[in-house]
Each structure stands twice: as C-alpha cells, then as structure tokens.
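Student: Top to bottom, those sequences are chains A and B. Our numbering numbers the first residue of the first sequence as 61 and each following residue consecutively. Our numbering numbers the first residue of the second sequence as 56 and each following residue consecutively.
Mixed in with the good hints there might be a few duds.
Some chain B residues close to chain A (C-beta under 10 Å, calculated; not the full set) [to be verified]: (1) A60; (2) L65; (3) E76; (4) L86; (5) G93; (6) T97; (7) I105; (8) L129; (9) S135; (10) A137; (11) C147; (12) Y150; (13) R151; (14) E166.
Pairs of lysine-lysine residues, derived as DSBU-like cross-links and limited to a Cα-Cα distance of at most 30 Å, are as follows [said to hold, decoys possible]: (15) A/K239 to A/K268; (16) A/K90 to B/K100; (17) B/K100 to A/K168; (18) A/K268 to B/K100.
Calculated from the structure, these hints are not laboratory results. Here the structure is a predicted model, which means the values were calculated and not measured. Note that CB positions come from ideal geometry on N, CA and C, so glycine has one too.
The primary structure of each chain is shown beneath.
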Amino acid sequence: MCDTCGCNITDGNRHLIEGDGKLAQTASGKEAISVLQGLLSANDHAAAHNREHFNRHAVLAVNLMSSPGSGKTRLLEETITALGDELRVAVVEGDLETENDAQRIRDKGVEAVQITTGTACHLDAHMVHDALHQLDLDAVDILFIENVGNLVCPASFDLGQHRNITLLSVTEGDDKPAKYPVMFRAADLMLISKSDLLAVLDDFSPQKAERHLRELASPAPVYTLSARSGDGLADWLDWLRREHTAALERTARGDTVRPAIQADGQPLHAHAHDHGHHSHD
Amino acid sequence: MHELAVCQGLMGQVEQIARRENAERITRILLSIGPLSGVEATLLKDAFPIAAAGTVAEDADLAIEEQAVRVKCLSCGAESEASANRLLCAACGDYRTRLVSGDEMLLMSVELERRESA
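One chain only, chain A, in its complex shape (with noise of 0.2 Å):
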C-alpha cells in the first residue's frame, strides 16, 4: 500500500474526506487529525525494502501460499530436481515449529532458511528480512517463501515477493476460492496440486476450481500438476522460467514488480504482464 501519493484515497472512501465527510471536520471539538495510512505500513516498509535486495540481486522472489498439507514442499523438492543446474533455489520456510521442511530442501542441495513462527499464523516482512541475512542472495536467481500453511492470514502480508502462487489440492474443496476470497484474489498463479489423486477423488473439479477463481476477477492462470507424478510440471517450469526472464529485464531496467492485488486503491490487473497459454472463458 502506498501511503504518500494519495492513492490511498479511493473511490469507496474519497466521500469522507471532501465537503462535510466525516474527516473533513471535527466532531466533537477534540481535534481530529486525518491520517489515511495502511494499517500494515511498518510491515510494508519492510516488504519494499525486501524487494529492493530482490531486485538489485536480480533474484525473483516466489511467495508460496496454501492450506496445510496441500504439497508445497514436495513441489519444492521436484521443482530443485527438475530444474538441476538451471536455476539456482534457494528457500525460506515459515513454520509454527520444527526444522523438518527446511531439512527435506536442503537434503535436495539447496540453501533453506527456516523461520519458526511460535503461535504467529503467517510470515510478515520483519522475518523475511531477518532470513535474507542467512543467505548470499547473490548466488540465487530464484528465492521460494514457503509460507505457513493456513489460507487466511498470509495473504494480508506483503513480504516484499514479486509473485504470490496458491496451491489448491485435490484432496481439498474445489469452492476454496469461494470460501478463502482474500487469498485466492492474491495470486498470480493457481496450482491444483496432487491431480494423480483425481482418479479417486472425483468430486473435486479442476473446471469448478477455476471458476470459482474467475468469480473473484482474477485472471491469473490455472495449472494442474502433480508433483509425484510429475504430470504438469512442465507448465509451471515455463512459468517460472518466464517471470525469472522478467525479473532479469526488470532489474537490468531499474523496475520492479508486486503481485497482482497489492497496490491498493490502483486499478486491478493493470501491469502487463504475460499470463501465459491460458484461455479465460
């Protein structure tokens, strides 16, 4: 959220601060001081000074979002192995407790970094931030943050990542865009993950999944995969390839990137960039 140009005054709540709006005066004799700030602007302080170390390591940073469960750790390990000596990975996991997802990436060779959050139900930039000092950012081209598993509070917090990605699996419902709005209108990408288990589970709908997606106005693309199986890998090694190609361009240029809905009060959608082979229908 910006807080200094004024775009933070939009058209939902321009009406309380012009004429007789309820800031445009004082109540009750009390002096009344007009502030219009995002509630997070200390967290996102921290989140733009984040993107900045992204952006001047040229390093695309990945925010990871799901339920528990829904297999974003085993993506992980079969993104490291698929992409070999392609893409330098690095990682940063975000637990209540335990080192056990960290362990599970660096046995795959690659640098984790493991933020246990205590009760904390999601990351926030300040922790990010302490992580980033754990690694040589300059020997990654693209950093994962494995969020908390939980589809409610992460995606209030900006961490400074270009991308947000929700995984969605097919042992959940395919109404989880519908009931979890916040999150599911955060990412830039959907994954319907574990799809081998489709075959038995056949009350779970890729086709309602995504339209429920598209119920939110998002246009962002739908890939279904299967990380044991390595079915639909392929999509979504291209899409990483792709935005790491665009961050490369983005640093050479001095320009940066948010994930989709994060520059409140501007138009949704409004950047340009490639949403891949998907067709909105």
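Starting from the known structure of chain A, fit chain B onto it as the hints suggest.
Tutor: Relative to the frame of chain A, chain B by itself:
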C-alpha cells in the same frame, strides 16, 4: 487470527502521530475496513484493548467504517455492488472487473487532545 498483529501495527502508527502532534491522549481512532482486506472488524475491536493497554490510546474509542464491495466492469463500464467471493459485473456478468472499494485496511484519522503547554 492476525488481527492482533494488525492492531499492534496500528498502535505503532498512532503512537507516532501522538508524539508528532504532542498529544496527551488519543480519544478516537477511525479505521476503514473492507471485507476483502482479510481482517475482521469485530476481531479488530476485540484485539484493540490488548494492543492499546498502557499506550496514549488506552481509552480511545475505536470506530470502524465498514466498506461495501463495489466493482467497475472493464467490459461494459458499469459500476455495481458485489459480494466478496463473487466480484462479477452485476450488469453484464463479466468477471473482468476492477475493485472500486472493499479491500481497504486504512487508518483514516485520529482524534486527540494536545498537551496544554506545547
């Protein structure tokens, strides 16, 4: 349940304003919250006394202006009300819409009493 974290962020901002304005007390805080912000107004109100305890805003009234979800259609141009999980144009049904309001999570204003001798 990240409302406490959000409230703690709010207190940081409010205390900063109080210092800048040489305020003795904050009497009222007005927020603007939309359903697509990811925070619940009622949970914010519950978390507020915990975050505000011992601060200049300890006795402040937390007022929350809840915003409606409104979208503008990129296809036909109509502006309409929508629900949080169905952001379609009410006029033509197209999903390509832009959110006009509904994702606000803003500190709008604070009402304060200044110290006598500034």
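Student: Each hint: holds or not?
Tutor: Comparing the hints with the structure gives:
1. A60: holds, 7 Å
2. L65: holds, 5 Å
3. E76: holds, 6 Å
4. L86: Result: holds, 7 Å to nearest chain A Cβ.
5. G93: holds, 4 Å
6. T97: Not OK, violated: B/T97 not within 10 Å of chain A, min 15 Å.
7. I105: violated, 14 Å
8. L129: It holds, given that the least Cβ distance between B/L129 and chain A is near 9 Å, below 10 Å.
9. S135: violated, 12 Å
10. A137: Since the shortest Cβ distance to chain A is 9 Å, the answer is holds.
11. C147: violated, 13 Å
12. Y150: This hint holds: B/Y150 lies near chain A, its Cβ roughly 5 Å from the closest one there, short of 10 Å.
13. R151: B/R151 check passes; min Cβ-Cβ to chain A is 7 Å, inside 10 Å.
14. E166: holds, 5 Å
15. A/K239 to A/K268: holds, 13 Å
16. A/K90 to B/K100: holds, 22 Å
17. B/K100 to A/K168: Violated - the C-alpha atoms of A/K168 and B/K100 are around 45 Å apart, more than 30 Å.
18. A/K268 to B/K100: violated, 36 Å
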